[in-house]
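Top to bottom, those sequences are chains A and B.
Going by this note's numbering, the final residue of the first sequence carries number 410, and the count climbs one at a time with no gaps.
Going by this note's numbering, the final residue of the second sequence carries number 410, and the count climbs one at a time with no gaps.
Do not take every clue at face value.
Because identical chains cannot be distinguished in the list, a pair is counted as satisfied if it fits within a single copy or across any two copies.
As the list claims (entries may be wrong) - No farther apart than 30 Å at their CA atoms in a straight line, the calculated lysine-lysine pairs in the DSS-like style are these: (1) Lys20 to Lys321; (2) Lys333 to Lys307; (3) Lys322 to Lys20.
Think of the hints as simulated: they come from the structure by calculation, not from any bench.
The structure presented is a predicted model; accordingly, all values stated were derived computationally and were not measured.
The lines below spell out each chain.
Number of protein chains: 2
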Amino acid sequence: MALIVMKFGGSSVSNAEKIKHVAKRIVEKEKKGNKVVVVVSAPGDMTDDLISLAEGVTERPDEREMDMLLATGEQASIALLSMAIKHLGWNSISLTGPQAGIYADTTYTKARITKIVPTKVHKELNSGKIVIVAGFQGLNPNRDITTLGRGGSDLTAVALAAALKADSCEIYTDVDGVYTTDPRIVPNARKIEYISYDEMLEMAGSGAQVMQARSIEVAKKFGVQIHVRSTFSNNQGTIIKGDEKLKSWRKKMEDVVVSSVTYDKNQVKFTMLGVPDRPGIAAVMFGALAKGGINVDMIIQSAPRAKYNDISFTVTKSDLKKANEILKKVKAKLNAEAVVYDDNIAKVSIVGVGMRSHAGVASKMFNVLANAKINIDMISTSEIKISCAVKQDQVSRAVAQLHKAFKLHK
Amino acid sequence: MALIVMKFGGSSVSNAEKIKHVAKRIVEKEKKGNKVVVVVSAPGDMTDDLISLAEGVTERPDEREMDMLLATGEQASIALLSMAIKHLGWNSISLTGPQAGIYADTTYTKARITKIVPTKVHKELNSGKIVIVAGFQGLNPNRDITTLGRGGSDLTAVALAAALKADSCEIYTDVDGVYTTDPRIVPNARKIEYISYDEMLEMAGSGAQVMQARSIEVAKKFGVQIHVRSTFSNNQGTIIKGDEKLKSWRKKMEDVVVSSVTYDKNQVKFTMLGVPDRPGIAAVMFGALAKGGINVDMIIQSAPRAKYNDISFTVTKSDLKKANEILKKVKAKLNAEAVVYDDNIAKVSIVGVGMRSHAGVASKMFNVLANAKINIDMISTSEIKISCAVKQDQVSRAVAQLHKAFKLHK
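So that you can see chain A by itself, here it is in the shape it has in the complex:
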C-alpha cells in the first residue's frame, strides 16, 4: 500500500464542478489501494480577491492580519473538497496547516516551514480517511497563522511528503507535465519524461512557470520524487528525481545534453555607469539591494576604463521601482555617474545536466543566436545552465531556434 501526496492548484478547484472533478480523481487513487493525503490551494481568484479587499481598507495591510485573511482561502478549499469526497461515499477530513502540524517561522506573508509534526495526519490516515490539508499555511511560535509566500502550496505538498515519507508527491496542474520549452512558442515542444532536481531548479530560476524553486530544493534535500501531471487527464506527466536515479535512464540517451529551453520576459536590466574602480563597490551596491529584499540575477562588470567601471545586472520587473529608489541612493554614496535601466530585455536559457561533460554547448548556443542575427546583451552560466539576455522582441525566435538546434523535439 503506497502513500501518495496529491497537490491541486487553485485553478483546479475554482468552482463546484471542478471541485467535484478533483474529488473523483482523489477517490480513484484511493480505490487503487493507496493511502492518500491531498494538499490544495485557495479556489481560483480568491487570494487575489482577498488582497483587493485588504487594499480597499488600507494601502499597507498589516502582514500578520494579511496572513489571517489569506489563510481563509485554503480553508474554504479543504472544506469544500472534503465535502465533495464524502458526497462520493468516501471518508475524509480537512485539516488547516496548523491542524496538520505544519510549523513555520515568524516571517509573515512568506514564512519558512520549520518543522512538520504530522501526528494528526497519521491518525486520520490510519482510521481510513482521505486527509485534505490546506496548502500555503503554517503555525508560528506566537500561535499565529502565517502563509508561505508564492508557490507555498507546492512547498506544503513536498514538505509533507518528506515528513510522511510518502512514496510519491503528485503535483496536479493545468498542463500535463514539464516541456522542453513553451509549446505556445514552439508547437513541437516535447513533454519531458524524467528530469533531475538540478535541471528543474535551473528551469524554475530561468522562467519556467511549473514549480517554484523552493519546493524543488526541499524535494532534492529529502529525496521526494515529484510527478507533475494534468488534473484533466490520466497521462503520465513528468517525473522529477535525483541525478543518480536518472543515470540508468540517461545511459540509453547519451546524446541528451540540453533538456530544455526556457525564457523570462519579466526582467529589467539596470546599469550603474561610471563607478569608481575600487574594492568593496559591488558589496555596497548588492548589499543595499539584498537589504531591500531584491534578488539580482545576471551580473556583468565591464572592463575598467580609466579607473571607472560600468556594472549591469537584471532584476524582476516587479522590483523595478524599489530597485530604482535604492540605486539612486547608492549612486550618490558611490559618486557614480548615472543609473539607467532597460525593460525591453528578456532572458533565454538552455538547461541540461549533460552540459557538465560536454564541451562546446555554450559556443553552439552563441552560434545559433548569431546565425539568427540575435544580439546577446549579457551572458551568465552555471554548471548546467547558460542564459543570455536579448531584446524582448527577439526572444521567441531565440527559443525556437535553440529548441530546433538542440533537437529537443525528438
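Starting from the structure of chain A, add chain B where the hints point.
Leaving out everything else, chain B in the frame of chain A:
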C-alpha cells in the same frame, strides 16, 4: 477605565468603506480611555455565498466541513477590521474563536459554548491592543472549529463579556434600538429605553428580530448589561438589564403594563385530527418532534369528543417539511385520523413585565382584536406574554390596533 465589548454584525462590515467606518467607531471608544474587545460577524452576504458554494458541491454538506468552511467568513472580517484599525494608527490584533479561548461542544453547525479561557485576550488587552475576536465560532474537544448557529456572534459577545467581567456589552446593528413594535407597520413605534431580560426573551421568542434568545439567556444568567444601538449614530439605544435594576425606573411609570407588540409570520400550524384520548399521546407526538430537533411553540388540545382529540400546534416554517414527515409516522403509530397544516397564519404577541400584577390585560387584547373583526385561532400565555395566532393577512392590522390600544406610542 471601563472594559467594553462591542459587537458588529455582518451588515456593518460588508465592504471596505463600512469596515473603515466601524474601525473609527472602535477607535473613538478606545480614545475615551476604555479597554475595548470587539466581536464581529462575517462580512455581509459571505456566509450565504459560502453556503451556496457548498450546496453546489453536495446536497448534504458534511457538518464538520460546513463549520470549517463557514468559519472563514468571520476570520476574514477580523483580519480586515484589525488592518483598518492599525491604519488609523492604533494597535490591534485579530483572534479567531479558538485563539480567543472560546471552547464549544461537539455539536457541529450549532455548538454550545462550554467555557471561555480568555488568557490571550487579557494578555493582548494588557499590552494596550484593541482585541478583535471572530464571532460565531469555537474550538471543540476534537480541536475542530465549530460554529454556534444563528445569532452566534451575539452569543460570543455576551459570553465573552461575562468571562471578561466587562462593564458593558454593546450590540451594534442597523436599527438604533429595540422598538415597541415594527416601525414598518406602526410608524409611531417608540424606541424602548430600558427593557428587562425576561421581556427581551419573550420578544425574541415571539418574532422580534433584534437578538436571539440564547444570547439574552446568557446575559441574564451572568448579569451582562447589553446596549443595543446603531452602527451609524451616537444615539443612546436600548439597554437590556435585570428586573431589579429596572425597578426604580419603572416606579415612575407604574402604568407601563405592556412594553411591546411583536409578530411572527414565519409560523405554520399543524393539526393532528382524531387522536385517541388516552394518556401518553402528547408525549409520543412531541417526543418524536423533539428528537427531530423541532421546536414546538403554541399548543392547543381540543376538548375530547367521543374519546378522540384534535391537537394543534405551531412550528417555524423552515421545519414544515421535516415536521410533516415525522407527523405522518406518528399518525400511523397513534392510529390518528389525519395530519393537516395551515401556513396562512401568523402570531401576534404583547409582552410586558407589568402584566404580572395587572388583571385584565388578556381580556383587553381579545377585545381589541374582536373590535377589529380579527378572529383568534390559538392562544398561548406566559407570565409576561400573551400570543394569539391569527390569519396572516390580518396580522399587521392586529399589531397596529394593539400598539394603539396599549398606548405604546406615548
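These are the hints, each one checked on the structure:
1. Lys20 to Lys321: between (43 Å within a copy, 28 Å between copies)
2. Lys333 to Lys307: Only inside one copy: Lys333 and Lys307 sit 17 Å apart there, 104 Å across copies, limit 30 Å.
3. Lys322 to Lys20: So Lys322 and Lys20 pass the 30 Å test across copies only (28 Å; inside, 43 Å).
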